[in-house]
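Asks: Note that the protein sequences, when read in sequence, are chains A and B.
Here the first sequence stands for residues 157 to 498, numbered as in the numbering used here.
Here the second sequence stands for residues 85 to 380, numbered as in the numbering used here.
None of these hints come from the bench; they were simulated from the model.
Don't take every hint at face value.
Unchecked claim - To give an idea of the interface, some chain A residues facing chain B are shown, with a C-beta separation under 10 angstroms as derived from the structure:
{"id": "1", "residue": "185"}
{"id": "2", "residue": "310"}
{"id": "3", "residue": "345"}
{"id": "4", "residue": "348"}
{"id": "5", "residue": "473"}
Just so you know, even glycine gets a beta-carbon here, dropped at the ideal spot from N, CA and C.
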Amino acid sequence: MKLSTWLIRRLIQAIGVLLGLSILVFLITRVMPGNPARVALGARAPQEVVEELERRMHLNDPLYLQYYYWLSGVFHGDFGESLFTRRPVLDDIKEYLPATMELALMALIFQAVLGVTLGGLAAGHENRWVDHSVRLGAYLGIVTPSFVFAIVFVLLFGYALRLFPTMGRLSAGVVAPRVITGMTVIDGLITGHFAAVGNALWHLILPALSLAMAGIAQESRITRASIVDNLRKDYVGLSRTFFIPERKILFKYLLKPSLIPTVSIMGLDFACMLGHGFLVELIFNWPGLSRYGMNTMLRKDLNAVTAVILVLGVVFVTVNIIVDLVVAYLDPRIRMGTERGT
Amino acid sequence: MERNLSRREALQATYKSFRRGWYKFSRNPLSVLGLVMVLAIVFVAILAPYVSPFPKHAGRYVCFKDATQPPSLNHLCGTDVFGRDILSRILFGYRFSLMMGVVVLVLVTPVGVVLGVIAGYMKGTWIETLIMRVTDVFVSVPALVLALAICSVLTPNIMNAMLAVSLMWWPWYTRLVYGLASSLRTEFFVQASEAAGMSKFYILFREILPNCLSPVFTKMALDMGVVMILGASLSFVGLGVQPPKPGLGTMVADGAKYLPDLWWIAMFPALAIVFVVMGFNLLGDGIRDVVAVEEV
């Protein structure tokens with residue numbers, strides 16, 4: 157199957173999933189006991205105002221009609237108005253999404269680099285102390301919730317050692333670069349505002365690391381297992397009999413096939429990260445989509461909650477398509493479109 | 085008579101394979117450590133009112149004279165801002181964590197497994213499409229996010245937290261069993277039952293299902309930890325166990341306000357979460373190794 161056909165099929169699937177997700181989210185937010193309009197306006201609001209908002213939100217129509225109105229709005233880029241900030245939800249999301257993406261990308265980089273390096277190290281020193289300590293560390297990484305890591309890092313690096321800041325994206329005195337993508341590091345690089353880049357990176361390290369820990373653990377384990385597995389394969393032995401240097405075997409022949417399971421798991425890890433971002437952003441006071449989502453959930457701000465979840469769904473589905481593409485690149489044996497993905 | 089005999093033989097065979105499994109399991113010190121940790125936690129959680137040093141401190145209790153004491157011999161993990169002994173609260177907190185894990189898995193596994201068996205056996209029909217596409221939707225967003233959303237629209241308490249996590253967790257079992265069942269449906273023993281005219285129900289639940297169970301049990305052991313982390317995370321943001329009840333996540337969130345000076349209030353409950361999740365993971369890994377070897 158050609159790449160374009162595969163991609164189109166994949167996109168259609170993704171749209172189906174997102175439509176399903178929209179129904180699910182819509183149902184979740186509408187089973188809420190109590191009147192959303194009343195919750196939004198508070199107990200003191202006069203009855204007429206509440207009724208007016210009910211009419212605007214179509215709360216008196218049957219569910220399927222409500223869904224229809226809401227969905228047609230979504231297709232026009234209109235997620236409704238946040239019941240709390242009184243701004244269009246889309247504006248809120250545009251403001252907060254880049255911070256979360258920046259954090260998630262940084263965490264992904266940590267995961268990929270540290271996970272693969274540690275896994276490779278462990279595999280290279282199989283059953284020696286390096287291997288054992290990496291595996292023990294990975295175990296701790298998997299069993300520790302991200303919010304515990306966040307708290308430990310804040311305590312250790314923020315307060316005890318005072319190496320890293322524990323709040324926000326930039327220090328108080330640093331001027332933020334002009335907003336282009338919304339990601340401070342990238343904006344700083346584009347505009348040549350390098351002081352901000354350094355400062356932003358410095359702020360990123362702790363939250364990104366807290367988010368990435370579980371992934372690093374997971375990936376180092378999987379990379380280790382897959383390299384160890386591949387090392388026993390015939391082609392490695394054959395290469396050795398031809399006196400191909402060990403380094404070349406490792407980097408040229410072994411690394412690419414060994415990374416396939418690592419990359420596949422990264423898609424799932426990314427989802428985990430988006431989820432745990434809800435807690436980590438709260439702890440680090442990171443002005444991202446997850447903190448916004450968490451706050452909207454706690455305030456029962458329906459329009460915003462549905463929008464945040466849908467946006468996360470879009471991000472996740474996109475990431476998984478990219479992961480599938482990377483896996484297909486790494487492993488030509490995987491014929492695209494045959495039982496892969498979804 | 086003959087039937088009885090064969091049943092006894094079957095029983096003996098089960099016992100033998102159990103003994104073999106236990107032998108393999110007991111050879112790995114880490115698995116045994118996991119089992120011991122889990123048993124210890126279950127023990128102290130059930131007997132919390134008797135083994136904890138200050139059982140009264142688990143609920144609404146205030147004694148400002150003892151407030152915010154650092155760990156000492158009298159209070160091994162220190163006391164919180166209300167003067168409650170943190171160790172006692174952790175032991176009671178384990179009750180909620182265990183309850184969370186057990187209830188969620190008990191609710192989720194049968195539903196997920198049955199749907200998975202049906203979807204796997206009916207591969208290629210609209211039933212399979214329906215079930216599997218629905219699981220696609222559920223796994224398209226991180227479980228924690230949807231669980232948070234569900235909890236936030238319901239009244240925050242542990243029952244609703246368990247409900248929310250359960251709603252998010254069944255698709256993983258469906259997917260696991262679906263994979264197994266769809267490969268089993270072409271096996272000879274299934275085809276033989278079909279040829280013998282056995283009912284679909286019999287084939288699904290007496291032929292295919294028993295052959296899917298050992299991976300399911302392995303997954304359950306490994307999932308205990310994950311579900312507990314989800315529960316603790318929900319409690320952490322105030323959507324799970326409600327104060328003054330001592331949920332582990334709730335206690336961490338409480339203590340986080342007083343970092344870094346009163347570090348013990350958050351640190352010990354956090355370590356307690358790590359400890360219990362680690363126990364279940366070690367146990368789950370041990371079970372997985374035994375099952376995997378047996379299957380070869």
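Asks: State the violated hints by number, sorted upward, taking the hints as numbered earlier in the document.
Replies: Violated: hints 3 and 4.
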